[in-house]
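With the hints as your guide, set chain S onto chain G.
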Amino acid sequence: MKILSDAVEIVRGGLITARHFVVNMWFHTWRFLGLRTKRAGAVTIQYPEVRREVAPRHRSLHRLVRRPDGKPRCVACMLCVTVCPSECIFVEAAEDPDPEVQKYPARFTIDLSRCCFCGFCVEACPEDAIRMDTGKLEVAGRARADLEYTVEKLV
Amino acid sequence: MVDVLIVLIKIVLALTWFLLLTLLLTWVERKESAVVQDRIGANRAAVFGRRLFGLFQPFADAIKMLFKEDFTPPFADRALHTLAPFLSFFFVAVTVAAVPFGDAVVVGGKRIALQVVDLNAGLLFILAMLSLAVYGILLSGWASRNRLSLLGGLRGGAQLISYELALGLSLVGIVMVYPSLRLSEIVHFQGLNLFGFLPRWGVILQPLGFVVFLVAVMAETKRVPFDLPEGESEIVGFFTEYSGLKWGMFMMTDFMEVIVAACLLTTLYFGGWQVPWLGADGFHFPWGGTWLLPKWLVTVLQVGAFNVKVVFFCWLQVLLRWTYPRFRYDQLMRFGWTWLVPLGVVNILLTAVLLII
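Quick note, the sequences are listed as chains G and S, same order.
So for the first sequence, our numbering puts the first residue at 5; every next one is plus one.
So for the second sequence, our numbering puts the first residue at 58; every next one is plus one.
Source of the hints: derived by calculation from the structure; they are not laboratory data.
Note that CB positions come from ideal geometry on N, CA and C, so glycine has one too.
Please note that the accuracy of each hint is not assured.
Covered, in the sense of this in silico footprint (three residues per stretch, anywhere, with C-beta under 8 Å from a C-beta of chain G), are these stretches of chain S [unchecked claim]:
| # | stretch |
| --- | --- |
| 1 | 91 to 104 |
| 2 | 371 to 382 |
Cβ-Cβ distance ranges computed for the label pairs, FRET-style [to be verified]:
| # | chain 1 | residue 1 | chain 2 | residue 2 | range |
| --- | --- | --- | --- | --- | --- |
| 3 | G | 10 | S | 104 | 45 to 53 Å |
| 4 | G | 59 | S | 333 | 56 to 64 Å |
| 5 | G | 12 | S | 391 | 13 to 21 Å |
| 6 | G | 16 | S | 406 | 24 to 32 Å |
| 7 | G | 19 | S | 333 | 20 to 28 Å |
| 8 | S | 360 | G | 19 | 26 to 34 Å |
| 9 | S | 95 | G | 10 | 25 to 33 Å |
| 10 | S | 333 | G | 33 | 26 to 34 Å |
| 11 | G | 90 | S | 117 | 38 to 46 Å |
| 12 | S | 338 | G | 38 | 42 to 50 Å |
| 13 | G | 37 | S | 290 | 35 to 43 Å |
| 14 | S | 338 | G | 37 | 35 to 43 Å |
| 15 | G | 59 | S | 74 | 48 to 56 Å |
In isolation and in its complexed conformation, chain G is listed as follows (with noise of 0.2 Å):
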């Protein structure tokens, strides 16, 4: 008689989800009068108020390291330039009156709407100038233009 192991099968199905709901009910119940419960009646996180924690590697917006007089440690190298696969850094060397450090960038830009995260630029960079590690997620801008990030928006 498959039709009855069917029957039994479907009954049974239905019983899983009223087995969900009332299990979850009860724990929202709970947390709701402000007891506390082992877990809470949905794994939901509530996206903009409450974030997970991104791991110590994850690789998020870029950050352009200082030095302790306040300036970027970047001395123009050109290293993440000539290293970016989507070739979205454009950096312009100026001279720095400082003879230990040659050179600065007069103008630092990578343009966010190119760049694939992917992070040589940081393993490139010898003087630990660049990272990402700001846990900044959400790049977003209205025009092209809001997505040149310049040395102002990254250190």
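For chain S alone, kept in the frame of chain G given last:
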């Protein structure tokens, strides 16, 4: 004059109840599906910063649908295209007229039935109106002049007509047990007790009929295990060419059919507004005790019981809708014609034999 006024008030109250429950049901559908799937569901719509579990979501949806563009495709039959959603809405909305909400109350020497009209063929009336609702679907598919919509409409027609048969057959058993088509009388008969203690509810007298009816009525609401007319993944359905409020009316009709189905399940199989052992003057327990209650409290209890049962069956239908995958079209037809219809006939035979014995 007073009679007309009473009927008008009853119509307004019944429709308000119906439409409010429909709005709530859209919320219940979203939240219940979320809870079943370990999610939270829509909870962002807020008024003055108050979210109230997303209870404002139905209103936000309604406002959105009101302000969307109401587009009629240039190739469609304009008159029929406009008529179709109103037809299917109307035929479902009038069914609430025959649903008994409670026992008759006496106000100022006047006997008022808690029912818009106590038709002597109320059961037939509801069945007829539910069957006529298929016109809205067929018309919308036809008038859209879109082959996928037409396919949806035809599927809807074939499905509803074949499941209508099983629905009718399962109800024949009910009519044999409670010899009346008047819904208020059917509910009255269910107030009596079997062997002195068991309420004579339809589900106890007609268990097989109940199963057939439950499946057939779920097919009648054309929601997920039976949503072939819509067929979201392949043909998108009879309302492909609809937008804005007209599409919203089709969606509302779906939810209203769920409520009508819950009303029918309650009224026919779960004693309508009857509370077990509650008579007109209070509880008469089978173990001998009586607990007398004032008249108004009895009425409140009865209407409350009816509402609780209806909400429970709405909940059950939403749960089933979020449990089962969809039938294939041939499976749907085979199931209807080779299982439900014969089971309905068997139910009639069994009932007849048991009635004679």
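*Structure versus earlier hints - violations, ascending order*: none
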